[in-house]
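Please work from the sequences and hints to get the whole structure.
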Amino acid sequence: MEDHLRAAGFIGVERVDGVIFARSDAALPEFTATPTDAGWQLAQCWPLRATPAQIAEWNARHPGVPMDIWQGETRITQPATPETLAAWGDLTRAMVAQCVAWRRASRQRDEGM
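Take -18 as the starting number for the sequence shown in my numbering and just add one per residue.
Any given hint could be a false lead.
[Unchecked claim] Label pairs and their calculated CB-CB ranges: (1) 41 - -8: 27 to 33 Å; (2) 63 - 85: 32 to 38 Å; (3) 75 - -12: 18 to 24 Å; (4) 75 - 30: 15 to 21 Å; (5) 17 - 87: 32 to 38 Å; (6) -5 - 37: 31 to 37 Å; (7) -13 - 60: 15 to 21 Å; (8) 60 - 7: 24 to 30 Å.
Since the hints were made in silico from the structure, they are not lab data. Here a beta-carbon is modelled for each residue, glycine too, at the ideal position from N, C-alpha and C.
Right under this line is the structure:
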């Protein structure tokens, strides 16, 4: 999987205790690739607790990339295949941009980020 991630253009690829960490962009947080019985699962988290309505909106627009709350953060997941690896970088960037937009929309006047 590490070689597939590198070939797909991901950076900072490293394995720790069986979990692979990588980035789709140097400015974004790491995502994980975790082994499962069916192969590998990709996951990207962001430190924001999306509302049920926001999660439903994302899931309606991205049915193959479900969003949920995991360990208090918003997360998207997807099985890793050659086809999904090609789109994963764009999906992680879209997810982070959406979470940032949701956070900015929820701020009170004069509140910092």
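To see whether the hints hold, each was checked on the structure:
| no. | hint | verdict |
| --- | --- | --- |
| 1 | 41 - -8: 27 to 33 Å | holds (31 Å) |
| 2 | 63 - 85: 32 to 38 Å | holds (35 Å) |
| 3 | 75 - -12: 18 to 24 Å | holds (22 Å) |
| 4 | 75 - 30: 15 to 21 Å | holds (19 Å) |
| 5 | 17 - 87: 32 to 38 Å | holds (34 Å) |
| 6 | -5 - 37: 31 to 37 Å | holds (34 Å) |
| 7 | -13 - 60: 15 to 21 Å | holds (19 Å) |
| 8 | 60 - 7: 24 to 30 Å | holds (25 Å) |
Violation of the numbered hints given earlier is absent; every hint is satisfied by the structure.
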